[in-house]
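Dock chain B against the given chain A, drawing on the hints supplied.
Protein chains in written order, with the working numbering: chain A, 15 to 132; chain B, -5 to 112.
Take the hints with a grain of salt, since some may be wrong.
As the list claims (entries may be wrong) - Restraint-style ranges between C-beta atoms, simulated for each label pair: (1) A/P68 - B/D86: 46 to 52 Å; (2) B/A79 - A/P67: 27 to 33 Å; (3) B/D46 - A/R72: 39 to 45 Å; (4) A/Q69 - B/D86: 20 to 26 Å.
Quick caveat, the hints were computed from the structure, so don't treat them as lab data.
All C-beta atoms, glycine included, are put in the ideal place defined by N, C-alpha and C.
Now for the letters of each chain:
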Amino acid sequence: MKIGVLVQEGPYNHEASDSAYKFIEAAMAKGHTIQGVFFYDDGVYNVASKMEPPQDDRHIAKRWSELGAKGVDLIVCVAAAKRRGINPDLIMPNSRISGLGQLSEMCTEADRLITFGD
Amino acid sequence: MAKIMFLNRKAPHGSIYAWEGLEVVLIFGAFDNELAAVYMDDAVFSLKKGQDTSELGIKGFIQTLPVLEDYGCETILVEKESLDARGMTADDIAIPVQIVDAEAIANLMAEQDVILPF
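This is chain A alone, in the form it adopts within the complex (with noise of 0.2 Å):
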């Protein structure tokens, strides 16, 4: 299955990207294809590469970022990224900036659309 994954929370405040990153790594192992993953609201923030969190703590861009080297779509809205001071000098490598039209696309390409938010 074809799977669209939309992350509407920011790293740490809340679960839901951490839940969107469970369920990604499940559904792989699983044979599925992600089609792409696009961050929206605080998500942006998600791929932060200023982000340093303690050495004992998960390190949450860098593990989107990971994924992104197998391959998954990472995208992050320019329009919340703009609102929120993340621009592409700012991201982390393996995602990219781009519209809301990826994520329209997403709904039509995809055979499903997971939302992870508060």
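Below, chain B without anything else, positioned relative to chain A:
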């Protein structure tokens, strides 16, 4: 083409979800999808007449809501039970909407390809 429902459940002010949700509707209007917006729970306050956000320093919804239809979102539903619970009636609503019960909304949900919650 997909059937996409924007499911608004959160209060209009106090968080950005309702506003950024509305921005999604406006962008999705540019694509060839069948759009429906549903307002239930505290989101029914988003539609209330006479909102004045000037002292909040935010733009507010009242100017944008009337253009939803022009942007391709032709179905706008409000859940009757949510209005009743908040002492609101059709007279309190600023734009033309259909007021329907929870069962009608559930039936429409079952027809959707994608439901985006805000």
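Outcome of the hint check:
no., hint, verdict
1, A/P68 - B/D86: 46 to 52 Å, "49 Å, holds"
2, B/A79 - A/P67: 27 to 33 Å, "41 Å, violated"
3, B/D46 - A/R72: 39 to 45 Å, "44 Å, holds"
4, A/Q69 - B/D86: 20 to 26 Å, "54 Å, violated"
The earlier numbered hints that this structure contradicts are 2 and 4.
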